[in-house]
Amino acid sequence: MSGSGRGSPDAEWGRLEELFRRAVVLSPQDRAAMLVDLREEEPAVARELEDLLEAHDFLARAEEREPEDAFLLRLDSQWAAALVEDGSLTPPPAPRTVGRYRIVETLGRGGMGIVYRALDPRLEREVALKLLPRWLAVDERARARFSREARTASALDHPNIATIFEIDVAEDGRPYIAMAYYPGGTVAERLEEGPASVAEARTVAEGVLRGLEAAHRAGIVHRDVKPANVVFAEETGVKLLDFGVAKAGGTALTRVGATLGTAAYMSPEQTRGEEVDARSDLWSVGVLLYEMLAGRRPFSAPEPDALIHQIRHDPPPPLGDLRPEIPPALVELVERCLAKEPGARPSSAGEVRRALSELDGERRPSMRGAPGAPSAGAGGGIYGTVRRWGRPAWLLAGLAGIGLSWLVAAGVGDHRGATGTVSEDERSVAVLPFESLGEAPDDPTYALGIHDDLITRLSSVSGLRVTSRRAVDNLPGDERTVAEVAEVLGVRWILEGSVVASEGRLRVNARLVDPRTESQAWARGYRRPLTAESLQAIPGEIATEVALSLDARSTPRDPESAPVDLATYRAWVEGRTNLEQRTEAGLQRGVEAFREALARTPDHAPSWAGLAEALTLLANYRYEPPDSVLPDAREAVDRALASAPELADAHASLGLLRSLDDRDGPASIASFRRALELEPSHAGASLWLGNILIALGRLDDARLPLVRAVELDPTSPAARVALARWHQFADSLDTALEQARQGARLAPSSPPAQMVLGEILRELDRPGEAQVVLERTRGLPGVNPGGFPGLWVELALVYESRGESERAEALLVEIDDRTPPSVRAAAEASRGNREEALALLAQSPIVPEFAGIFRYHHVWEAIRQEPAFQRMLAQYDEVWGIGGGSTASP
Amino acid sequence: MTHDLPSLRSRTTTLLRTAESDPPALDELVDPVYVELKRMARRQLAREAPGHTLQPTALVHEAYLRMVDASRVDERGRAYFYAAAAQAMRRVLVDHARRRGARKRGGDRVMESLKPETLAVDAFAGDLLDLHDALERLAERSPRQARVVECRYFGGMSVQETARALDVSPRTVKYDWSMARAWLFRALGGEAAPSG
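Sequences listed follow chains S and V, in order.
Each residue of the first sequence is one higher than the one before, counting from 847 in the numbering used here.
Each residue of the second sequence is one higher than the one before, counting from 85 in the numbering used here.
It should be emphasised that the hints constitute simulated quantities derived from the structure, not laboratory data.
We put the beta carbon where it would ideally sit given N, CA and C, even for glycine.
Mixed in with the good hints there might be a few duds.
Quick list of simulated restraints, FRET-style, between CB atoms [to be verified]: (1) V:GLU224 x S:VAL871: 49 to 59 Å; (2) S:THR952 x V:ARG95: 34 to 44 Å; (3) V:GLU146 x S:ARG868: 36 to 46 Å.
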C-alpha cells in the first residue's frame, strides 16, 4: 500500500469508502440530508459519492426486476470456453447417441453448438440434432433461457419455419434440439457456388419473409437471420432455422463471445446492444438479399471494430453497380432494408414481401456464359463465370406461392408496431364459459356474469372476431380438447378461466390458450373483494389484455354503466343467461329477471337493453303476439338508449323493433349498422341485418353480414339457414347445400331448417334425397299444412318430378282455402300455371316477411317479369319504407 | 516440464501451510493452479465427462484436492488457494480474450449493461479486457476491493470464503463488493437511468 498523506489517492478513497458505507444503509431522506451537508464541505467527494450511489441504486433496482441479468453475475460459463478453446484441444469426436437419437454425421459447427444428422429410431426418420455447447449447458440461467426460447420458437407452426420436434436434455446435461432434417443445404452453402439469379433471390427472400411474418406476429424476433440459417426444403422452398437461439446465453460480462461471421449480419442497433425488434430482422433480410444477389456481403472488414463501424455508418457498395440487370425497384428495396435507422426501413416483413412480389419482370440474367463467350473476369455475364445454382428445377423455375399464412404471443415482447397485416382469422377467439369453482351457491352467477361481460367487451374490439355467447354456451358438455373446440368454432385462440367467490373475496383466473399447442399465451389471476365493481372491472381488464395480446386494432369499449349492487348484478346475469337460450321459457324468465334487476336499479341500462331484446325476440319468434310485447319493448329500448347511447345490444333490439313493428327497412338497417359499429362481433345484429337487406332487395349487400353471422355463431341453425337461403337466392346451390346441411344437422327438429335443405336438394335435381328430407320434416311434431304450407308445395313438386303425379295431387288437395293465397300461388307458379298464380297473388295480402322470397326464390321464376308481379314488388318496397317514407337513411 | 503430481502436491501444501505467517508471493500459487486447471478441464472434456463438473467452483475444488493435502492445511490456507485460483481464472480469461484478437474499444462502448439480448462481435472478450483494465485501475485506488471482485467474480467465492482469503470481516467484503460494483459499472461506461 502506498503512503497515506491527506489528499493522497488512498486517503481520498478511504474517505469515499467510509462515506459510501454509511450512506448505502441510510433511508433516502437521510441520505439526501447527508449529501447536502457534504456538498458544502467536500464538494468533489460529494459528487463522486453521489455518482456511486446512483449507480448502486440503479443496479439494485434492475436486479430486482431481472435477477438473471445482474451486473457482474458469476462467471459460470464463459471461462470454460476459454479453457477449452485455446487451439490445443482437438474437437471431441461426435457422440454416438444423444437421447434416443443415433448420430450419423456432423453437419456443422457454429457459435451456438454443433449440428449432427441423426436418426430417430422410434419414428424412423432423420433429424437434425443441435447440441448445445458444454459451457452453455453448464450455465443454469442460459439453459433456462434457451429452453424457453426454443419452446417459444417450436410453437411457431409455419411452412417457412423449420419444424422443431423435440427439445430435451442429454445425459451429460447438454440441452439439444431435434428438428426436421432438410437435406437441401443452406443458402450459405449455395452462396459458395456463386451468386443467385434475381428470381432465386426473390424466391428465397419471400420464403424467409413469410416465416418472419409468422414469427413477428407471435412476438418473436429471430435476431440471427443469415444465409447459414436458411435451409432449402423440397416442397415449401425455404425454412428458417435457429429462432431466438441467438437470444439465449447471457448478459453483460457473461455474454457469449460471438464469432465474426455472425456480426456481419447484425443491424446497427444490435451492434449497439439496443433493443431489437422486427425491423432488425428486416435489416438482416436486406443483407441476405444483398449477398444472394451480389455474391458478397454488404459489409466486410478484417477486424471487428472496422466491421462495426461500416455497419453503423457506411453505405454498402451499390448493388446496381455490381449487377446492372437487377431491377432498380429491387435495388431500392434492399437499400431500404439496409437503412441505418430502423424507422427508415419498411415497417414489417409483410410489407417487404409484398414489395418483392410486386416487382416487374426483370431482364433475364444469363445463367451461363454463352458458348464461346469469354470466361472468368472478362466482364461478360454477371460475375465473370456464372455458376449455376445446380439444384432442383423447381427452384430455378421460380416457385409460385410458397407457403401460406399463422402465435404463441409468449412474452408479448418488443414487436408491437412492427407486424404485417393479418387476415381476420388470425385474430379470432372464443371465450369458453368460465368454470365456477368452490361450493357457494352464488358462484355460477359470477362465472356467468364475467363470461358474458367479457364476450360483450371483446366483441366491441375491431379487427377481432369473437364467437357469440350462444355458440360457446351450446357446445356439448362432454370433454373436448381445446383443439377440438377451436376447430368446431373456427377460431384461432381460446380464452378460458375460472371463478371462485367465497367469503367476500373474488378470485378469477383467465388464460389465453393456443389450441394448436395447448400452451398459454397469456394468463392472469385477479384477487379482489367481491363487489359488483370488481365483477365489472375484471372483465374489462382481461378484455384489454387479450385485445393487446392479439394485436387488435382497438381496445375494448367500456360499456357505460355505473356500478350496481350485487343483487342487481345477480338478477342481470340471470336475465342474460336465460336470454341466450332463445327458448320461450328462457325468454320469459329473462324478462322476469331483468325486471327484477330494474326494480332494484331503475336506470340500469344493460337491463333495459336485455329486457328490450327478450321482448322483441318473443315477438320475433312468435312466442307472444307482437302487439302485447312490442310497446314494452320499445319503451325498454328508449330507456336503455337514454342512459347508454352506445349500448350495442340496445341498437340491435331497436333494429329488430323497427323491422318488426315499424316495418321501416332503412331505419332498421341503420340501427343494426350502429350496433355492429359498436360491437363488430355482435352475431345477432349481423344476422338480422343480412335478413333485412334481403327483404329490401339488396342481395349483394346481405352476403357479408350473413357470412359473418355464421362465423360468429357457427352453431346457430338460424344463421346457417339464412346463409343457405342467400346462396340459394344467389344461385350458388352447392354452397347453399353445404350450409343447409349444417343447419339441418344443428336443428334436426326444426321444420324451417329441414325445409330449406329439402328445397335445395330439389333444386339441385336430387329429388330422391329431397323426398327423404321433406317427408321426414312432415313427420315432425307440430307440422301441418296450415302452419307449413310451403312444405306441402315442395313435397308435391318433388313427387311431380319423380313422376308420381297422383301423390302430388293428393298433397295439393290438402292445401285448401285455409292456405294463404300466396302459397297456392307458389304451387301454381311452380307448375307453370301463370295466370292462376297471378290471380292468386292479386288476392294475397302483403306479408312483409315474404319480401325476400318474392324477390329471389326460384319458384316465382316464371312470372317474376310480369308487370303485375313487379307492381307487387313495388308494394313491398313501400311497405318496407324504401322509395320514400323512411325515418332514417341507410 | 513433466507433470509430477506428488511433488506439485507437496510444494503447494507447504506453501499454504505457511500462509499465515509468511504469505506466499501469489505468483507461486497462481501459476501451478493455472496450469492444473487447464489440464483438468481438457481431460474432462476429452472424456466427455458430464458437463456439470465443468462448473468453476467444482473444478477449483477438484484442483484443490489434487494439489493440496487437505488434512495438513487450515481454512486460511484453503482460502488462499481459492483466491489464487480466482486469479488464475482471471488470467485464463484475459489470455483467451487477447488471443482472440479482441480489442478494447475506446469511446464506442459496445457493452450496454443489462440487456440480455446483446450480442456483439467478441463482445465478451472485449468486455472482459475492459473489465480487466478497469479492475487494474480500481486496484490502484483500492487493492482490497479489486481482490474482492476477483475472488467473487472470477473465483466464484462466497462472502465467507473471500473474507477468509483476504483476512477481513465478511461485512467489509459486502461493502467492498457493493461499492466496487458501482464503481466498475461507472468505469465501464454504464449509464444509470434516473429512478422513475
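Checking against the hints above, which ones are violated?
Structure breaks hint 1 only.
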